[in-house]
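J.: Sequences listed follow chains X and R, in order. Counted the way the working numbering counts, the first sequence spans residues 1 to 505. Counted the way the working numbering counts, the second sequence spans residues 1 to 317.
Treat the hints with care, since some could be wrong.
[To be verified] In silico negatives: residues of chain R with every beta carbon more than 12 Å from chain X:
(1) V9
(2) V92
(3) A135
(4) R147
(5) V174
(6) R189
(7) E191
(8) I199
(9) I305
[As the list claims (entries may be wrong)] EDC-like mimics (lysine to aspartate or glutamate), calculated; alpha carbons at most 16 Å apart, straight line:
(10) X:K419 with X:E394
(11) X:K343 with R:D133
(12) X:K374 with X:E394
(13) X:K343 with R:E192
(14) X:K419 with X:D279
(15) X:K164 with X:D279
[Claimed, not checked] Chain X side only, calculated, beta carbon under 8 Å to chain R, not exhaustive:
(16) V306
(17) P308
(18) H325
(19) A326
(20) R327
(21) G333
(22) L336
(23) T344
(24) L346
(25) E349
(26) W362
(27) T365
(28) V366
(29) A415
(30) K419
FYI, nobody ran anything at the bench for these hints, they're computed from the structure. C-beta atoms are modelled at their ideal positions from N, C-alpha and C, and glycine is treated no differently.
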Amino acid sequence: MAPALLELQQISKRFPGVVALDDVSLSVACGEVVGLIGENGAGKSTLMNVLGGVLQADAGTIRFGGRPVAIGSVAEAIALGIGFIHQELNVLDNLDAAGNVFLGREPVWCGPLRLINRRAIFSRAETYLARLGLDIAGSTPLGDLSLAHQQMVEIAKALSQDAKLIIMDEPTSSLTLSETDRLLATVRDLRSQGVSVIFISHRLAEVAQCADRVVVLRDGRNAGNLSRDEINHQAMVRLMVGRDLQDWYVHGAGRVQPGYFQVRGLRTRAHPRSEVSFDVGRGEVLGLAGLVGAGRSEVAQAIFGVDPPVAGEVLLDGRPVRIRHARDAINAGIYLVPEDRRKTGLITEMTVRENVTLPGLWRYTVAGWIRRAKETAAAAAQCEALRVKTPSTETQVLNLSGGTQQKVVLAKWLALAPKVLIFDEPTRGIDVGAKAEIYRLMRDLAAAGVAIVMISSDMEEVLGVSDRVAVMHEGSVTGILERAACTEEAIMHLAVGAGEGRAVR
Amino acid sequence: MKKELGIFVLLVLVCAAIGIKDPGYLAGANLQNQLRLIGLYGIFSIGMGLVIITGGIDLSVGSLFALQGVLLSMMLRDWHWAWPAAVLAVIVGTMVLGAGHGFLITRVRLQPFIVTLCGLLIYRGAARFVANDEAKGFGTGGYGMLRDLATGSVLGVPMPFLLLVGVAVVMWVVLHRSVYGRYLFAVGRNEEAARYSGINSRRIIASAYVVSAALTGVSGILIAFYTNSISPSGHGSFFELYGIAAAVLGGCSLRGGEGSVLGIVIGTAVLQMIQNLVNLLGIESSLNFAVMGAVILMGVLVDQILVHRRKNRPAKT
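Extracted from the complex, chain X is given alone in its bound form (with noise of 0.2 Å):
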């Protein structure tokens, strides 16, 4: 075996309430391709994170190149020979594939005036760009290239800053399949060239045909290594799942009503080739599990009409809904608990009366004028129902913690007498007692009749809290496990799209 480029030992993270990495090695020795696999939350970008010289470890030592070395900086880390590829393109597609190559170190003429060389820098980063195998000019505007041709400017950026170790972190999530190909090819490439790189990605079957070796990270720690012969996709599984369940849930009795609640062949504008349908009971919680990109935030905003479907129907009770505005959702009874709280959940800078009344303002009004002692009575009383710990109902939402503000999100829809509510990633950032809270009020609301969507990538919430567990991938469901059937392996080989027949090997 080579000699290690790269060795990082019992690395620690810790974030407020969380510790999201706890004694994690992991070693990739020169023109090795290392993929590192794990669930959503598994600890994976914390840790090139601190790799990328974007965060830094709490403990834990880092050696490159056989020498100690501590990486406070982005820019140490780039130094150092540590190339990041996020999974979000970091280019200027206002400037040329030239101009983004050599952004901050670009060739100056001219002494003090320091025009750019455009010259030098056009050869020099045609140089960079054949050595992956492409025949793009210079001066080829960003914007005119493809995504997966932009991500190969930014390899070439990192291989101009003399990367001996580039980091891709899920580099193919947004390429076609024949760029994903071209993509494992250039890695290929990359490590007969003697450079190292480290591949993570959702997308085991990619993992399986580019790495040496696989290294599993699990709940922020280390859960095993695979060498280049045991790298097959139920191995694969069986390291990034596996742990005890923890015993905060409650199950429900079941569906009341199957049936209520119908989704038929929703397209989204996201995923407009892919059909989705489903459908939930009153008094069940379906839980809508799969990878981050899978499409399910799409289909929560379709049916709640703030993104509206592309083509299929909604049906609550039997009856047709049609949806081309929120406005449509929230007349029928059908709400959404988005994820992003502070974005699109609350208007933050707004107090906790205002937000939890916006979505009925009518009913609190005499033609058109706010009855304020009214307003504050209906807000007062759902702060109170759902136990919401603020001060006053004159604070400002911004001042609450994450768990608090996601109770006023509830609250905003519980005053309107939900008939289904979506929920997406409810407990994202939220601590644990605020956890068990939400998991309870959501019970207390299927059981009063409500049909429920959880949407989440939390494995455990999902085997926890769901009474069937429906599993997306690429824009479409690929299986719908009932109670019974719900294990982690059983979804985790849904989500990766191995129930649609993708190859695997």
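We have chain X; now place chain R onto it with these hints.
T.: Just chain R now, kept in the frame of chain X:
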């Protein structure tokens, strides 16, 4: 309420300075004239505030005044329309233009600054073209009631000021007590979250431009009769900036979602009084704009510092 208090203190200070300099200044005919001007400026400034609360801006107001004035004069004097018909035509016409701005901003998704900047240029050009670049007016007699609204008084109080009080009361209720007003603030603060609460944010924003245009129409008619001579190339120039300045001084944030009717009215008064103070102190009148700019800058700076302090306090504990 804190913001209004701050600007009110500023108003008191400016008035006190005027009083010290010339104790008799704020009395009689001069006071009347000041109130009249505050009335004329205040009405359209409230409209401007409405647009600013949605996170937009309207730069076309001054040019609209020129176009309105020119057309009003032609309707009344050249085409001999009955005055109610002319008034109605001006107000409705302005509202149609406002609806056009709203359409371009919310449906075509153009930026408010660009849309209304083009309005500023187009309407000014149109006014000069329609009037053959000649000054228009309303002569010395006739149009009794209409002229009274701009130049008359009731019990010593100028009519435009009374109109402003009426408009302010109505708009205060609309903005601070009605569902529509709450939606305006919500959309201005966070359009996305408002949409997720079932608010038709595009309609709300577009409607702000229409309501603002209606107030601009009313103001335009009064200002035309007040000046009684409308030179199409200069009438109303910079008025949109007075409106924006008054709204910002009165606590509106150009980021949207903030502001109050009372604040805007006080802001208008402060701007008016500063000009008087500049005259009284014997400062070169050529420095008028510079002093006004400096005062607005100071006001906004002080506000920013106070907001910053307030934000940092809970973070420490």
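J.: Does each hint fit the structure? Answer for all of them.
T.: Right, here's what the structure says about each hint:
| no. | hint | result |
| --- | --- | --- |
| 1 | V9 | holds (24 Å) |
| 2 | V92 | holds (23 Å) |
| 3 | A135 | holds (44 Å) |
| 4 | R147 | holds (35 Å) |
| 5 | V174 | violated (9 Å) |
| 6 | R189 | violated (5 Å) |
| 7 | E191 | violated (10 Å) |
| 8 | I199 | violated (7 Å) |
| 9 | I305 | holds (19 Å) |
| 10 | X:K419 with X:E394 | violated (29 Å) |
| 11 | X:K343 with R:D133 | violated (51 Å) |
| 12 | X:K374 with X:E394 | holds (14 Å) |
| 13 | X:K343 with R:E192 | holds (7 Å) |
| 14 | X:K419 with X:D279 | holds (14 Å) |
| 15 | X:K164 with X:D279 | violated (51 Å) |
| 16 | V306 | holds (6 Å) |
| 17 | P308 | violated (12 Å) |
| 18 | H325 | holds (7 Å) |
| 19 | A326 | holds (4 Å) |
| 20 | R327 | holds (4 Å) |
| 21 | G333 | violated (12 Å) |
| 22 | L336 | holds (7 Å) |
| 23 | T344 | holds (5 Å) |
| 24 | L346 | holds (6 Å) |
| 25 | E349 | holds (5 Å) |
| 26 | W362 | holds (6 Å) |
| 27 | T365 | holds (6 Å) |
| 28 | V366 | violated (11 Å) |
| 29 | A415 | violated (12 Å) |
| 30 | K419 | violated (15 Å) |
Of the hints listed earlier, those the structure fails to meet are numbers 5, 6, 7, 8, 10, 11, 15, 17, 21, 28, 29 and 30, in rising order.
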